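**Q** Here is what each chain is made of, one letter per residue.
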Amino acid sequence: MPTISLRAGLALAAVLTLAACSGGGGTSTAPTASDPAASSATAASSAPSSAAPAASATAKINANTASQGELAAAFEAAGISNASKWAREVAEYRPYPNDPTWAQLRQELAKYNIDPTVLEQIIALLEV
Amino acid sequence: MATSAAEATDARSSLVVIRRGLLALAAAGTIGVALELLLLRHWTETRELIAWLAVAALGVAVALVILRPTRRAILVARALGVVVLVTSAIGVFVHVWANYDAAPLDARYTASWPTTAEPVRWLLAATDTVGPSPSLAPLALAFVALVLLLALVHHQALEAPAPSR
Chain A
1 MPTISLRAGL
11 ALAAVLTLAA
21 CSGGGGTSTA
31 PTASDPAASS
41 ATAASSAPSS
51 AAPAASATAK
61 INANTASQGE
71 LAAAFEAAGI
81 SNASKWAREV
91 AEYRPYPNDP
101 TWAQLRQELA
111 KYNIDPTVLE
121 QIIALLEV
Chain B
1 MATSAAEATD
11 ARSSLVVIRR
21 GLLALAAAGT
31 IGVALELLLL
41 RHWTETRELI
51 AWLAVAALGV
61 AVALVILRPT
71 RRAILVARAL
81 GVVVLVTSAI
91 GVFVHVWANY
101 DAAPLDARYT
111 ASWPTTAEPV
121 RWLLAATDTV
131 GPSPSLAPLA
141 LAFVALVLLL
151 ALVHHQALEA
161 PAPSR
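Taken in sequence, the protein lines are chains A and B. At position 98 of the first sequence (counting the first as 1) the number is 98 in the numbering used here, and the numbers step up by one without a gap. At position 19 of the second sequence (counting the first as 1) the number is 19 in the numbering used here, and the numbers step up by one without a gap.
These are computed hints drawn from the structure, not numbers from a lab. One or more of the hints may lead you astray.
Unchecked claim - Computed cross-link-like contacts, EDC-like style, restricted to lysine to aspartate or glutamate with a CA-CA straight-line distance of at most 16 Å:
#, chain 1, residue 1, chain 2, residue 2
1, A, K85, B, D10
2, A, K60, A, E120
3, A, K111, A, E92
4, A, K60, A, E76
5, A, K85, B, D101
6, A, K111, B, D128
7, A, K111, A, E127
8, A, K60, A, E127
9, A, K85, A, D99
10, A, K111, B, D101
11, A, K111, A, E76
As the list claims (entries may be wrong) - Reference listing, derived: stretches of chain A covered by chain B, where coverage requires no fewer than 3 residues with Cβ under 8 Å from a Cβ of chain B:
#, stretch
12, 63–76
13, 102–114
Stated by the list, open to error - Derived CB-CB ranges, DEER-like:
#, chain 1, residue 1, chain 2, residue 2, range
14, B, L136, A, P100, 53 to 61 Å
15, B, L49, A, Q68, 16 to 24 Å
16, A, A103, B, R68, 47 to 55 Å
17, A, E70, B, L75, 26 to 34 Å
18, A, A59, B, L39, 34 to 42 Å
19, B, T127, A, P100, 31 to 39 Å
20, A, P100, B, R68, 54 to 62 Å
Please read all numbers here as calculations on a predicted model, not as lab measurements. Positions of the beta carbon are idealized from the N, C-alpha and C atoms, including for glycine.
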């Protein structure tokens, strides 16, 4: 009887462990989308160590007066992916007030579900 | 005989009430869409102005029917309604395309987008899963245009014989 209880306990523990490991996938409706999200999040978390110094080393560019091409070049130089698309979006929502929090830009770019790291990289390159 | 004449009068007055109601709905819908576009700041890109042109067309059409319901005005209003219907369909495609174009910017899809199958890409864009544009929002214009066109069915100005030249 104790052997059976031990086996049952081990089996229960194994089932619970498996369930816990796969729990995150239960709520996902798009496996192809969630996996890249995890990988991009991982990439994003490791990105600041290499991208942030590049951004800070680059001269800031005026968000209100720079051309779309200049914005794209600055983003490209900072290693931001889809630089030209982000440059277009930044240019689209001009003019920006002299707000150190960049609330307006944050609000507009949030509509695209932007990676927070990319957002900070973009803002680090801009000035008004 | 008198009964049928009374019924015809009743039907006619009912038709007038329904037509006026539909026109009022079209006018309210036009104002509502204009307010929505205003709140959304729907003018940051040139192509976004197309929606304003459609609203203007609806406004002109409704005004023509209410203020100057001549045969010619009704025909122009109908034509404008059809143009807005077509514009609305184009608007849906433009919204879906904008979502498709913006999809790589979405942090959840940046890595997987290049390898995502084309039908899945369009499905994600059409269902607003990616991108900032509400795909079906332009259909609000189509709804108002349809209400307007419905108000012009068998309009009395069209029933009358065309003026001879």
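**Q** Against this structure, judge whether each hint is valid.
**A** Taking the hints in turn, this is what the structure says about them:
| no. | hint | result |
| --- | --- | --- |
| 1 | A:K85 - B:D10 | 61 Å, violated |
| 2 | A:K60 - A:E120 | 13 Å, holds |
| 3 | A:K111 - A:E92 | 13 Å, holds |
| 4 | A:K60 - A:E76 | 13 Å, holds |
| 5 | A:K85 - B:D101 | 9 Å, holds |
| 6 | A:K111 - B:D128 | 11 Å, holds |
| 7 | A:K111 - A:E127 | 21 Å, violated |
| 8 | A:K60 - A:E127 | 6 Å, holds |
| 9 | A:K85 - A:D99 | 23 Å, violated |
| 10 | A:K111 - B:D101 | 14 Å, holds |
| 11 | A:K111 - A:E76 | 22 Å, violated |
| 12 | 63–76 | violated (count 0) |
| 13 | 102–114 | holds (count 4) |
| 14 | B:L136 - A:P100: 53 to 61 Å | 38 Å, violated |
| 15 | B:L49 - A:Q68: 16 to 24 Å | 19 Å, holds |
| 16 | A:A103 - B:R68: 47 to 55 Å | 48 Å, holds |
| 17 | A:E70 - B:L75: 26 to 34 Å | 51 Å, violated |
| 18 | A:A59 - B:L39: 34 to 42 Å | 37 Å, holds |
| 19 | B:T127 - A:P100: 31 to 39 Å | 37 Å, holds |
| 20 | A:P100 - B:R68: 54 to 62 Å | 55 Å, holds |
Hint check: violations occur at hints 1, 7, 9, 11, 12, 14, 17; the rest are consistent with the structure.
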